[in-house]
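A.B. asks: Going line by line, the protein sequences match chains A and B.
In the numbering used here, each number is its position in the first sequence, counted from 1, plus 26.
In the numbering used here, each number is its position in the second sequence, counted from 1, plus 10.
Hints were generated in silico from the structure; no laboratory data involved.
Cβ atoms here follow ideal geometry from the backbone N, Cα and C, with glycine treated the same way.
Heads up, a few of these hints could be off.
Which bits of chain B does chain A cover? Going by a derived footprint, with three or more residues having C-beta under 8 Å, they are [what the hints assert, rightly or not]:
#: 1; segment: 20 to 29
#: 2; segment: 62 to 75
#: 3; segment: 89 to 95
Each pair of labels, with its calculated beta carbon distance range [claimed, not checked]:
#: 4; chain 1: A; residue 1: L51; chain 2: B; residue 2: I89; range: 18 to 28 Å
#: 5; chain 1: A; residue 1: A56; chain 2: B; residue 2: S99; range: 19 to 29 Å
#: 6; chain 1: B; residue 1: L63; chain 2: A; residue 2: I50; range: 22 to 32 Å
#: 7; chain 1: B; residue 1: E104; chain 2: A; residue 2: P105; range: 41 to 51 Å
#: 8; chain 1: B; residue 1: N67; chain 2: A; residue 2: L51; range: 15 to 25 Å
#: 9; chain 1: B; residue 1: S99; chain 2: A; residue 2: F127; range: 38 to 48 Å
#: 10; chain 1: B; residue 1: L63; chain 2: A; residue 2: Q101; range: 13 to 23 Å
Here are the chains, one letter per residue:
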Amino acid sequence: MVALLSAGATYLLLGAEFVGWVQILIYVGAIVILFLFGLMLTKAPIGRDTLDNQQRWLGALVGLGVFAGLVFLIQDAFPYEDAVATTVVPTTTADVGTALFTDYVLPFEAVSFLLLAALIGAIVLARKDGGPR
Amino acid sequence: MIRLPLVLTFSAILFSAGVYGVLARRNAVMVLMAIELMLNAVNVNLVAFAAALQDVNGQVFALFVIAVAAAEVGIGLAIVILLFRNRQSINIDEVSLLKW
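Based on the provided sequences and hints, a complete structural model is requested.
C.D. replies: Right, here's the structure in full:
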């Protein structure tokens with residue numbers, strides 16, 4: 027279900043070429059595999075009763091409430107009646123690259139450093155014989 | 011051809027499913043995946059507005075969100091595996107050590 031929703035999001039994003047393909051590669055390719063590994067490594071229990079906890083109905087209520095509120099806000103801010111069907115002008119990868127490496131160089135470097143730190147952190151956390159812990 | 015309210019509604023559906031998943035799931039991995047769903051909703055919104063405003067900045071921000079989400083998934087799964095190693099269970103109802 028989750029993978030299908032992600033794929034739906036992906037194809038919907040395809041007005042934006044580069045982000046759409048990055049989404050496919052990272053989510054469907056990498057993150058789902060990562061989650062499968064996580065599920066297999068932890069011997070996830072299968073079954074309806076073990077899937078959700080006792081707050082299921084409360085959670086469903088809150089989820090539906092959030093959805094109703096969001097739909098109300100969207101309808102309030104962007105009424106469907108006078109929504110012009112904007113034609114998608116596909117932005118090329120070159121545009122995204124230019125914006126990424128001119129206006130956003132510093133955030134880009136920060137994100138790359140964050141990824142490195144997260145990688146090292148994950149390795150340290152999941153190492154078998156963690157050092158002095 | 012897109013209609014902005016439809017895309018925003020789709021994003022709202024994704025976000026609500028994520029909220030339900032975080033609140034009601036018992037498996038920690040599933041909770042992480044629900045968080046991913048909510049981040050995906052934000053990405054859909056960013057790209058939709060970027061397409062509507064003919065602006066490329068929204069896509070750049072969506073890329074940043076994807077990168078941060080990937081980092082978050084890595085750390086989160088490492089924590090979950092550590093939790094499983096220590097407790098032989100990833101039922102988040104049992105992880106109440108920090109509960110006040």
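A.B. asks: All hints are to be evaluated individually against the structure, with a verdict given for each.
C.D. replies: Status of each hint after checking the structure:
1. With 8 residues having a Cβ less than 8 Å from any Cβ of chain A, the segment 20 to 29 of chain B passes the three-residue criterion, so the hint holds.
2. Requiring three or more residues with a Cβ within less than 8 Å of a Cβ of chain A, the coverage given for the segment 62 to 75 of chain B holds, as 9 such residues are present.
3. With 5 residues carrying a beta carbon less than 8 Å from a beta carbon of chain A, the segment 89 to 95 of chain B meets the three-residue requirement, and the given coverage holds.
4. A hinted range of 18 to 28 Å holds for the C-beta pair L51 of chain A and I89 of chain B, which are about 25 Å apart.
5. A hinted range of 19 to 29 Å for the beta carbons of A56 of chain A and S99 of chain B is consistent with their spacing of about 26 Å.
6. In this structure the hint that L63 of chain B and I50 of chain A lie 22 to 32 Å apart at CB holds, the actual value being about 24 Å.
7. The beta-carbon spacing between E104 of chain B and P105 of chain A, approximately 47 Å, falls within the hinted interval of 41 to 51 Å.
8. At about 22 Å, the CB distance of N67 of chain B to L51 of chain A agrees with the hint of 15 to 25 Å.
9. Look at S99 of chain B against F127 of chain A: about 46 Å separates their beta carbons, and that is inside 38 to 48 Å.
10. A C-beta distance of roughly 20 Å is found between L63 of chain B and Q101 of chain A, which places it inside the suggested range of 13 to 23 Å.
The structure fails none of the hints (numbered hints given earlier).
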